[in-house]
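Engineer: For the record, the sequence lines run as chains A and B. In this text, residue positions in the first sequence follow full-length UniProt numbering: the first is 1, and each later residue adds one. In this text, residue positions in the second sequence follow full-length UniProt numbering: the first is 1, and each later residue adds one.
Please keep in mind that the hints were generated in silico from the structure rather than gathered at the bench. Quick caveat: nothing in here was measured; it's all calculated off a predicted structure. Mixed in with the good hints there might be a few duds.
Calculated cross-link-like contacts (lysine-lysine; reagent style BS3-like; alpha-carbon spacing at most 25 Å) [stated by the list, open to error]:
| no. | chain 1 | residue 1 | chain 2 | residue 2 |
| --- | --- | --- | --- | --- |
| 1 | B | Lys257 | A | Lys139 |
| 2 | B | Lys125 | A | Lys205 |
| 3 | A | Lys139 | A | Lys339 |
| 4 | B | Lys348 | B | Lys257 |
| 5 | B | Lys440 | B | Lys453 |
| 6 | B | Lys257 | B | Lys453 |
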Amino acid sequence: MTAPAPSPAPVAPVIEKTAVTKRLQAVGAAREFGILLALVIVVIAATVANPNFLFSSDGWRDLLLTPSILVLVAIGQAIVLITRNVDLSVGSILGLSAYLTGRLFIDIPGIPILAVFVAAIVFGGLLGLVNGALVAYAKVPAMVITLGTLYAYRGINVLWTGSDRVNASDLPKDFLALGTGQVLWIPILTIIAIVVLVVIGWIMKNTRGGREFYAIGSDPAAAELYGLRVTRRLLIAFVSSGALAGLAGVLYTARYGTVNSQAGAGWELDAVGAAVIGGVAITGGVGSVWGAAIGGVLLLTINRALPILGIPDFWQRAVVGVLIIGAIVLDRVLAVRQKRKLIAAREDD
Amino acid sequence: MQTDTPQTPAPPMLELSRVVKSFGPVVALRSGSLQLDSGSIHALVGENGAGKSTLVKIVAGLYRRDAGEFRLRGEDVDFTSTAQSKAAGIAVIYQEPTLFPDLTVTENIFMGRQPVNRFGRIDRKAMRREAEELFQRLGVRIDPERPAEGLSIADQQVIEIAKAVSLDARVLIMDEPTAALSGVEVDRLFAVARSLRDEGRALLFISHRFDEIFALCDTVTVMRDGAYVATTPIAETTVDEMVRQMVGRDVTELFPKTEAEIGEPLLEVEGLTRTGVFHDITFSVRSGEIVGLAGLVGAGRSEVARAVFGVDPYESGSVRLGGRTLPRNRPDRAISAGIALVPEDRRKEGLVLESSVARNLSLVIRNQLAKAGIITNGAENRAARVWASRLEVKTNALSTVAGTLSGGNQQKVVLGKWLATEPTVLIIDEPTRGIDVGTKAEVHRLLSELAGKGMGILMISSELPEVLGMADRVLVMREGRITAEIDRSDATSENVMFAATHAAAQTPGAHS
C-alpha cells in the first residue's frame, strides 16, 4: 500500500505485535504453570517438615488418590464455568449417584461393575440435563437454577436413603479394590482422572465444539448473532458436568465404601474453588480444564499439608479462602495488564 | 452464476418487498422493500427510526417478518435464526462488531467451521495460514494470533469482513460501518468493499454520510417512517433530492410551541470538550426557551447532556447555571442547583422498573420526604399523587409496578420524577421516543407549558418535526461538534438535515 521504498520500517510493527502475542501466550501457559509450581512448593515444604508426606507408600498414594475424585468434578465444573455458567448441584449429583451405586450392588447381586459405572454416569448426565434444560430454555441464571437443584437433588437423596447407609460389606471386593488399587505405584482412581483429563482437555482445545464453549462464554450475545448453537452447547456442558459428577459418585463409593445421604455435600464449592484457583474465569471464556484439575490437586494437598506444617485447624479454611481470592485478584490484574498491552500494541502500529 | 441461460434475466440476489414487522403495538416496518444485485454496492438511507435496522435484522435472521416477501436468488426464504441466514450466504456487519474478546483473531474468523482433520482436530496451522491469506487479500496487517480484545473498531470490522469473505458470503450488509472510523480507515474499508463488489458480491451499505454514499455506492434506496420511498441510481440523484425523500413530510404544525417570554440565560455551557466524544461545545439556554439539539444518532448529543449534568466527565470547558459554575462530575450538585435530566433510555436509566409508580415518582426527592432518615409510604404516596395527577399518568394505582406501564405513561413518570425537584433547567433526551401519538402531543404541550412558566429546556431529539415544531432555536451536532445554530424562523428539515450530515465548512454537493 505504501511506496516500495527499501525501508525496514514496515517490518517493525509486525515483529513487535508478534512479540506481544507471544508474551501473552506465555502468560496463559504461565497461569497453569504457576499453580503447578505452587503445588510443588507445598509438597516440598510438607515433605521437609515430615518426609513421610511424600516418601512413604501411604504418603505417595494419598497425594495422588485424595484429589482424584475432586479433579473429575472440577473438570466438569470448568466446562460449565467456561460457558459463563456455574453448576452448584455437582455435590448433590455425586451424592445421589454414589448411593445409586451402592443400591445397584445390593439390589441386583452379581451386577457387572461396568454396568454400574454406565448407570451412574448416565444418571448423573440426566440430572445435568435437567440443569441444562432449565438454564438454556427457561433462561434463568445458572446460579439460581443449580442452587435450586442442589437442594432438590439432596432432598431426593435424603428421601431415598433415609437413615439407611451403604456399607463396605455390601459391596463386591473387586469394586472396592478399584478404590484403593494401584497399577505401577499409581492409584487406579488417579489413572481414571488423568485419562478423563487428557481426553476432555484435548476436546476443549482442539475441536470445534470445544472452542464453541469458549466463544459462548466470551460473549454470549455475539455467539447468538454468530449463529452458534448456544442452547445445544449449554446442554452439553451441563450434561458433561453431571456425568462427571456421576462418575465421581461411583469412585467415591469405591474409595470410601460407606455412603449415607450426605455424601458429597459441599463438594460444589471445592469444585468451583479448584477451577478458579486454576485460572478458569468465573466470567467465562478463559481458562482450561488442566488448570482446574491442578487447582483441585492444590486445594486438597494444601488441606493435608497445613496440619503437617503445624498450622492450626482454625486457619486451614482461611488459607483456602486466601488462595481463591488471591487467584481471582491475580487473574484480574493479569487481564487488565493484558488489555492495556494489547491496546498499546495497537497504537504502536 | 446462471449466465449460461441468457434468455431469462437472472433474478436479483436479494429481494424484499412490502415487508412488515411490528413489536406489539409499535410498527417498526410498515412496508420495506429492497433489491440487491450482485456486483453492486447499494446504499440504504433514512432518518433515525425509518426502519433500516429492522429491515437488516430481518435479512440477518434475527427478526421474522410478519408479512411481505423475501427472496434470495429468486427463491422464497424465511429465516428463523442467524445460522440459517449465514448458511444462505448472507453476512451482516453490525455497527458494533461482535467478536469474542478472549479468543484469537483467527479463531474469531473461523469459529464453528475451523478446518479439521479426520479425527476432528482443528488444524491450527491451516487456519492461521488462511487467516493470513485473507488479511493479505484485504490489504490489512493484523496479527492473526492476537486476542480480539483491545482491537480498534476499524480492525474489528476488518475481521468481520474477513469472516464474511471466508464464508464466501454473496450478500454483505454493513450497518453504518464508518461511524467510528478515521479518514484513512474509511478509505481502506472502501477499497475492500469495491474489490468485493468486483468479485460479484452484493453489498448493502447503510450510512448517514452522503459524501461516502456518493463516493462508494451504485444505487440508493431511501426509507421513511418504516416504508420504502424510492430507489435511484446514484448518478441520477443529488443530496438535496435524497434529503427531500428522507424528510418528505409537512407536519411542523403538529407541535406548536406557545409563545413564551424569553428571558435571562439560565444554563451557559462554554468550550466543553471530551477528547474523541465532543469538542468545544458552547451554547446557552435562556429562561422560557426550548433549545432543540438535533443531529444523528452517535453525534454526541446525549454525551454532552450527560456531561452537563455531571454524570460523565469532561476535560475542559465550563458549565454555569444562573452565573454560578457547576463542579464537574457531580450530578448531585447539578440536581440541587436546579438541573434535571430525563434520559434517553427510560427503561434502563429513567425508571426502577420493578418498583411502584409512587416510589419512582418520589425517588429524586426522597431526601426531602424523609423524616429522621425514614421515608414513610404515606409521604411517598402524597408526593407521588400530586405529580401523577398533574401529568395524568394513567394507572389504576400508585402501587402499580412501573415496568408494566405503557411507554407513554412511563415517560410521564420519569418526567414527573424530575419535575418534582422543581428544576430551573430541564434537559430532556428524546422526549417522545417509542410513545404513541396522543401521549406525544401531551408531552409536547407539557414542555411548552413549562417553558411558559420560565423554565429553560434543552431538548435532544432525532425527530425532525419535533425539533422544528418545538424549538425556539435549533443546535445541530455532527460528530461531536456543533455545526449549526438555526433560529426557529429559519429552521427547515433540509437545512437541519444538511448540517447534521455535513461538516460545517463544506458546501452542498461538494462530494457528489
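Engineer: Taking the hints in turn, state whether each one holds.
Structural biologist: Right, here's what the structure says about each hint:
no., hint, verdict
1, Lys257/B to Lys139/A, "violated (47 Å)"
2, Lys125/B to Lys205/A, "holds (14 Å)"
3, Lys139/A to Lys339/A, "violated (31 Å)"
4, Lys348/B to Lys257/B, "violated (29 Å)"
5, Lys440/B to Lys453/B, "holds (20 Å)"
6, Lys257/B to Lys453/B, "holds (13 Å)"
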